[in-house]
Amino acid sequence: MMMRIGLLGLILIFSYPAQATVSKFQLDNGMKILVKEDHRAPVAVQQVWYRVGSNYEYGGISGLSHMLEHMMFKGTQKLEPGEFSKIVSKLGGQDNAFTSSDYTAYYQVVGKQHLEKVMELEADRMRNVVITEAEFQKERDVVTEERRWRTEDQPESKLYELFKATAFVNSPQHHPVIGWMTDIRHWTLQDVRHWYQKWYAPNNATLVVVGDVDPQQVYQWAQKYYGVHQAEQITSPKPRTEIEQAGERRIQLKGPTKSPSLMMGFHVPSLVTADNPAEVYALSVLGSVLDGDDSARLTKDLVRGSKVVAGASTSYDETSRLETLFRFDATPSKGKTLQEVEAALWKEIDKLKSTPVSHKELERVLAHAEAQYVFHQDSIQTQAMILGSLVSVGLPTDTYENWIENLRKVTPEQVQKVAQKYLKRDAVTVATLLPNGEEAKPASGQMMHGGIR
Amino acid sequence: MERLVVKWMLLITALLFSVQALANVNIQTWQTQKGSKVLYVHAPELPMVDVEVLFDAGSARDGDNWGIASMTAGLVGTATPKHSENSISETFNELGAQIGSSAGRDTASLHLRALTRPNILTPALDLMSEVISQSIFRPSILAREKARLLIGLKQKTVQPQAIVSDAMWAKLYGDHPYAHPTAGTIKTVQSLTPQQITDFYHKYYVARNAQVTIVGAVDRAQAEKIAEQLTRNLPSGNKPKALPEPKPLSQPHTILTRFDSSQTYYALAQIGVKRGDPDYYALFLGNHLLGGSGFGSLLMEEVREKRGLVYGVSSGFYPMKVAGPFQIGLSTKNASAAKADKVVKQTLSDFMEDFSDKKLAAIKSNLIGGFPLRIDSNSKIAGYISMIGFYNLPLDYLEQFPKKIESISKADILKAWNERIHPDKLLTVMVGQPQSK
Numbered sequence: 001m002m003m004r005i006g007l008l009g010l011i012l013i014f015s016y017p018a019q020a021t022v023s024k025f026q027l028d029n030g031m032k033i034l035v036k037e038d039h040r041a042p043v044a045v046q047q048v049w050y051r052v053g054s055n056y057e058y059g060g061i062s063g064l065s066h067m068l069e070h071m072m073f074k075g076t077q078k079l080e081p082g083e084f085s086k087i088v089s090k091l092g093g094q095d096n097a098f099t100s101s102d103y104t105a106y107y108q109v110v111g112k113q114h115l116e117k118v119m120e121l122e123a124d125r126m127r128n129v130v131i132t133e134a135e136f137q138k139e140r141d142v143v144t145e146e147r148r149w150r151t152e153d154q155p156e157s158k159l160y161e162l163f164k165a166t167a168f169v170n171s172p173q174h175h176p177v178i179g180w181m182t183d184i185r186h187w188t189l190q191d192v193r194h195w196y197q198k199w200y201a202p203n204n205a206t207l208v209v210v211g212d213v214d215p216q217q218v219y220q221w222a223q224k225y226y227g228v229h230q231a232e233q234i235t236s237p238k239p240r241t242e243i244e245q246a247g248e249r250r251i252q253l254k255g256p257t258k259s260p261s262l263m264m265g266f267h268v269p270s271l272v273t274a275d276n277p278a279e280v281y282a283l284s285v286l287g288s289v290l291d292g293d294d295s296a297r298l299t300k301d302l303v304r305g306s307k308v309v310a311g312a313s314t315s316y317d318e319t320s321r322l323e324t325l326f327r328f329d330a331t332p333s334k335g336k337t338l339q340e341v342e343a344a345l346w347k348e349i350d351k352l353k354s355t356p357v358s359h360k361e362l363e364r365v366l367a368h369a370e371a372q373y374v375f376h377q378d379s380i381q382t383q384a385m386i387l388g389s390l391v392s393v394g395l396p397t398d399t400y401e402n403w404i405e406n407l408r409k410v411t412p413e414q415v416q417k418v419a420q421k422y423l424k425r426d427a428v429t430v431a432t433l434l435p436n437g438e439e440a441k442p443a444s445g446q447m448m449h450g451g452i453r
Numbered sequence: 001m002e003r004l005v006v007k008w009m010l011l012i013t014a015l016l017f018s019v020q021a022l023a024n025v026n027i028q029t030w031q032t033q034k035g036s037k038v039l040y041v042h043a044p045e046l047p048m049v050d051v052e053v054l055f056d057a058g059s060a061r062d063g064d065n066w067g068i069a070s071m072t073a074g075l076v077g078t079a080t081p082k083h084s085e086n087s088i089s090e091t092f093n094e095l096g097a098q099i100g101s102s103a104g105r106d107t108a109s110l111h112l113r114a115l116t117r118p119n120i121l122t123p124a125l126d127l128m129s130e131v132i133s134q135s136i137f138r139p140s141i142l143a144r145e146k147a148r149l150l151i152g153l154k155q156k157t158v159q160p161q162a163i164v165s166d167a168m169w170a171k172l173y174g175d176h177p178y179a180h181p182t183a184g185t186i187k188t189v190q191s192l193t194p195q196q197i198t199d200f201y202h203k204y205y206v207a208r209n210a211q212v213t214i215v216g217a218v219d220r221a222q223a224e225k226i227a228e229q230l231t232r233n234l235p236s237g238n239k240p241k242a243l244p245e246p247k248p249l250s251q252p253h254t255i256l257t258r259f260d261s262s263q264t265y266y267a268l269a270q271i272g273v274k275r276g277d278p279d280y281y282a283l284f285l286g287n288h289l290l291g292g293s294g295f296g297s298l299l300m301e302e303v304r305e306k307r308g309l310v311y312g313v314s315s316g317f318y319p320m321k322v323a324g325p326f327q328i329g330l331s332t333k334n335a336s337a338a339k340a341d342k343v344v345k346q347t348l349s350d351f352m353e354d355f356s357d358k359k360l361a362a363i364k365s366n367l368i369g370g371f372p373l374r375i376d377s378n379s380k381i382a383g384y385i386s387m388i389g390f391y392n393l394p395l396d397y398l399e400q401f402p403k404k405i406e407s408i409s410k411a412d413i414l415k416a417w418n419e420r421i422h423p424d425k426l427l428t429v430m431v432g433q434p435q436s437k
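Protein chains in written order, with UniProt numbering: chain W, 1 to 453; chain F, 1 to 437.
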């Protein structure tokens with residue numbers, strides 16, 4: 001059985017017409033450049049990835065990387081606040097940015113004839129952003145609104161925040177990407193300026209371009225625009241490796257929700273932190289066996305089978321820069337308790353420990369992964385995202401190209417072994433969300449005409 | 001943590017951007033023998049195909065059984081006389097093929113994304129064709145899915161954004177078929193029966209009410225074969241009746257729902273336009289400037305960038321089979337709710353009076369220059385041609401769009417907005433604890 005899939009997979013890989021290789025360059029100042037050609041449409045995406053995110057932060061300044069991301073749109077020595085986005089918009093382009101725990105990235109999608117212009121703009125703000133007190137104060141207000149919208153008014157998001165803060169004691173994974181509200185309120189202008197100086201340097205950045213482009217041309221433009229910046233001394237953050245967990249951790253949150261829910265997490269390695277990368281692929285397969293599609297065990301056994309849960313899922317970031325969590329999320333069906341849900345999840349975990357997964361399940365995981373590999377190429381943004389995120393955590397660019405080959409090597413015994421090694425009762429963090437009884441109160445008699453002013 | 005995520009505010013964003021694209025999409029269309037419309041674009045570069053079968057069977061067809069269209073779409077493919085739920089999902093999943101269904105107010109659809117290798121595509125299409133025409137609705141599966149949906153519907157009562165959205169549709173549309181939530185309500189979903197679902201399915205999932213869209217690495221002959229296969233076993237049936245025209249509000253109205261949240265969730269709305277309305281181009285272009293283009297837009301400048309009141313604010317038309325809503329949405333801390341409301345209304349009325357030529361030129365340039373971005377993937381192309389087909393837009397719609405945008409003047413925009421948008425009859429919805437100063 002495995003043989004058949006293996007051969008099919010091989011044929012499949014050699015028949016990808018759009019699977020261009022990645023051209024790699026490096027500037028004298030240390031900036032990495034990755035270019036992938038995709039000539040389906042006259043469009044290009046530029047992404048610049050900085051190796052800094054919330055996991056580079058320490059107590060008191062949480063969320064600063066994300067705040068800096070906002071400030072990057074506030075003008076340079078040459079541009080007014082907001083002008084960057086207006087220029088890109090006028091070119092017909094789209095631009096935005098995102099911050100995660102491991103990186104901050106900026107992107108523009110444009111007609112290919114405008115690529116040089118956005119490279120010039122992005123290179124300018126790598127070192128020349130002007131951060132003023134007035135813009136900083138206004139943007140801090142925006143970020144507090146973002147935090148209210150994203151977290152304060154969302155019990156599930158609050159639960160996740162507490163869950164992570166409980167599972168990670170001394171690792172920077174402890175704090176949220178957006179930052180604690182009190183930290184947000186107490187950042188200073190100097191904090192942001194310092195963070196910018198410290199991390200936004202060419203030797204801490206990767207340029208990724210995907211689209212209807214010529215790699216040599218991109219490299220020449222990169223030399224012209226990014227090449228002018230000096231390399232900086234970049235000091236890696238101190239390790240802050242998470243202390244070992246010895247015993248279950250459990251927290252409860254009450255909030256304005258109607259349905260209770262549960263998160264369970266286990267400390268696991270990522271491809272970056274693992275002594276043995278094969279364990280990571282085995283955990284990835286384990287995740288897909290439980291929750292890759294609607295034939296996976298959680299849906300098949302718990303949603304459709306015993307009907308204990310209304311919904312259940314797993315998540316695992318295989319390419320996290322630091323040790324991460326293998327996570328379960330679940331919501332009970334009507335009439336079922338969180339205890340019953342937890343027991344049902346443990347039963348699934350115990351099954352993985354005691355019985356090897358079937359070859360049929362492995363085949364399904366591979367078929368899914370192979371198809372996804374092609375589907376991901378439909379979007380130039382996704383292609384660039386994958387490359388940028390891998391390089392930014394220190395993984396080789398061909399990690400994704402070799403992904404399926406590595407999954408294919410996973411045996412049922414390996415899956416069983418990682419389940420036994422990592423999904424242990426003494427290493428679990430459980431967070432539960434319970435309704436606090438709050439209702440939305442329709443304000444009878446408060447229907448008004450003509451506004452509330 | 002994106003600098004801006006607007007998707008929560010306007011249920012609309014996806015469709016907003018689905019109106020324009022570039023000239024060079026070669027759309028082919030024909031009818032199957034059973035009378036279903038087919039739209040096809042050849043995209044040979046990646047070894048994959050997207051196939052959608054769409055019906056005029058959205059929640060506007062619910063009648064009194066609110067939620068039935070959505071539930072039917074969700075249950076199609078859970079059983080056939082030949083196959084059980086587990087075996088259907090296993091077959092698709094073993095092929096790595098993604099099959100899914102969705103329902104909105106206008107349409108319900110099934111979509112398949114699969115590799116085009118024959119030993120994958122053939123069995124995937126065989127099964128898709130079987131579930132489209134031979135689905136049966138097992139009472140036990142309906143009971144389970146009802147129970148799951150009811151948990152979600154209960155949860156919606158504590159989600160301020162959902163409360164805003166439901167209140168907006170309900171008040172704007174009154175007794176029109178668009179008024180109720182697509183998923184139904186706790187009460188209406190509880191009462192759905194297998195027989196009602198079966199009747200709905202037999203009435204609306206019929207060949208003359210079906211449209212097939214195909215985008216991918218299949219040639220015309222293959223596409224014809226696929227479309228025939230997917231519709232061959234459907235009963236011929238008929239198209240449903242046209243929907244009634246909704247009536248606009250005759251006076252302004254404010255709905256305030258007290259809710260224990262740190263922000264007030266806000267919408268300003270009225271009934272907008274339908275697909276194919278000749279004024280749509282001028283309204284759309286104006287909206288792109290007002291609040292439809294993120295950081296380039298006036299609302300974002302006034303409410304976020306100048307005053308720091310919000311994380312996101314946007315506006316949009318939601319053109320549908322008959323007039324869909326026009327909506328401005330935001331959320332802000334309770335203490336700023338009144339201020340944000342005032343700034344939004346002021347920005348709207350200033351915009352409807354006049355705006356700078358420079359800004360108009362920039363926003364036109366954004367729309368025209370950005371066309372290639374709208375069609376740079378198979379999934380985007382599939383979305384457009386499906387829309388063009390369902391709303392009976394001309395096949396050269398994409399080609400025409402930039403030309404139309406180019407030709408619109410400031411006077412055209414101001415005229416269309418002043419005729420169609422009535423600042424003195426707007427609906428304001430607030431959920432939270434807005435403070436009056």
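It should be emphasised that the hints constitute simulated quantities derived from the structure, not laboratory data.
Check the hints yourself; a few may be wrong.
Simulated crosslink set (EDC-like; lysine to aspartate or glutamate; CA at most 20 Å straight-line) [as the list claims (entries may be wrong)]:
id: 1; chain 1: W; residue 1: Lys-258; chain 2: F; residue 2: Glu-353
id: 2; chain 1: F; residue 1: Lys-425; chain 2: F; residue 2: Glu-353
id: 3; chain 1: F; residue 1: Lys-156; chain 2: W; residue 2: Glu-438
Just a sample of chain F residues kept apart from chain W, beta carbon distances all over 10 Å, derived [stated by the list, open to error]:
id: 4; residue: Gln-31
id: 5; residue: Leu-142
id: 6; residue: Ala-221
id: 7; residue: Glu-224
id: 8; residue: Asp-260
id: 9; residue: Lys-333
This structure is a prediction, so every number in the text was calculated from the model and none was measured.
Ideal Cβ positions, reconstructed from N, Cα and C, are used throughout, including at glycine.
Evaluation of the provided hints:
1. W:Lys-258 x F:Glu-353: Violated: W:Lys-258 and F:Glu-353 sit about 46 Å apart, past 20 Å.
2. F:Lys-425 x F:Glu-353: OK: F:Lys-425 and F:Glu-353 at ~17 Å, within 20 Å.
3. F:Lys-156 x W:Glu-438: With a Cα-Cα distance of about 13 Å, the restraint between F:Lys-156 and W:Glu-438 holds, given a limit of 20 Å.
4. Gln-31: 28 Å, holds
5. Leu-142: 13 Å, holds
6. Ala-221: Non-interface label on F:Ala-221 holds, nearest chain W Cβ at 20 Å vs cutoff 10 Å.
7. Glu-224: 24 Å, holds
8. Asp-260: 5 Å, violated
9. Lys-333: 6 Å, violated
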